[in-house]
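Using the numbering used here, you'd call the opening residue of the sequence shown number 22 and step up by one each time.
If you are wondering where the hints come from, they were derived from the structure by calculation, not from laboratory data. Among the hints, erroneous ones may be present.
Label-pair distances were calculated between CB atoms; the ranges are [claimed, not checked]:
1. P84 <-> I162: 21 to 27 Å
2. G100 <-> L122: 23 to 29 Å
3. R67 <-> S167: 20 to 26 Å
4. E152 <-> G118: 30 to 36 Å
5. G163 <-> P84: 33 to 39 Å
6. G159 <-> I63: 15 to 21 Å
7. R168 <-> Q99: 16 to 22 Å
8. L108 <-> I134: 20 to 26 Å
9. T82 <-> G128: 22 to 28 Å
10. I169 <-> S65: 17 to 23 Å
11. V154 <-> G116: 33 to 39 Å
12. W107 <-> R172: 15 to 21 Å
Yeah, the Cβ is synthetic: ideal placement off N, Cα and C, and Gly gets one too.
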Amino acid sequence: MNRSSWLWMWILFCVLAVMIGCNITRNTMPAHPDRLVTFYAIPSIRDDRVVIALGIHNGGTHPLSDDLVATWELADPQGKKRNGGWLRNIPALPGPGEEVLVGQWSGELEPGIYTLTWGAPSYGSTVDRFEIVQEAGGLRIGEQESRISPRYPLERRRH
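Given the sequences, and given the hints that come with them, work out the whole structure.
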């Protein structure tokens, strides 16, 4: 091959690499960067049961799409899926600058550190870690940590 052929092959390779890279991130990055959406969870204890309220905050300037489908997954201290589900046809999506509680889960959990991942394709996700602590008076919520991401990590597992 002559020098010109090598140059064209190199250019083609670079273009393909960029196209593949864009395609990989296309499905995991927010489609609407002006929609600053935060998914949040509020764990609490009620009658020795763990209650997790799921909320959405719309920090953007536009309403959320009516066809928004969100998913959540609760993992136990060993990382095994404990529960999860989809939220479709959410009746009251938050408008710009608003936040709304859109769902709730309640169940019995043993003491330990649990991970809740909650989000929607094209909007991002939040990974919440919270601790269930056993005390003489019963259970309580211990330390909590949240990581907000513009990516949607559960998207790869969706079928």
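For this session: Run the structure past the numbered hints and jot down the numbers of the failing ones, going up.
Result: Those not satisfied are hints 1 and 9.
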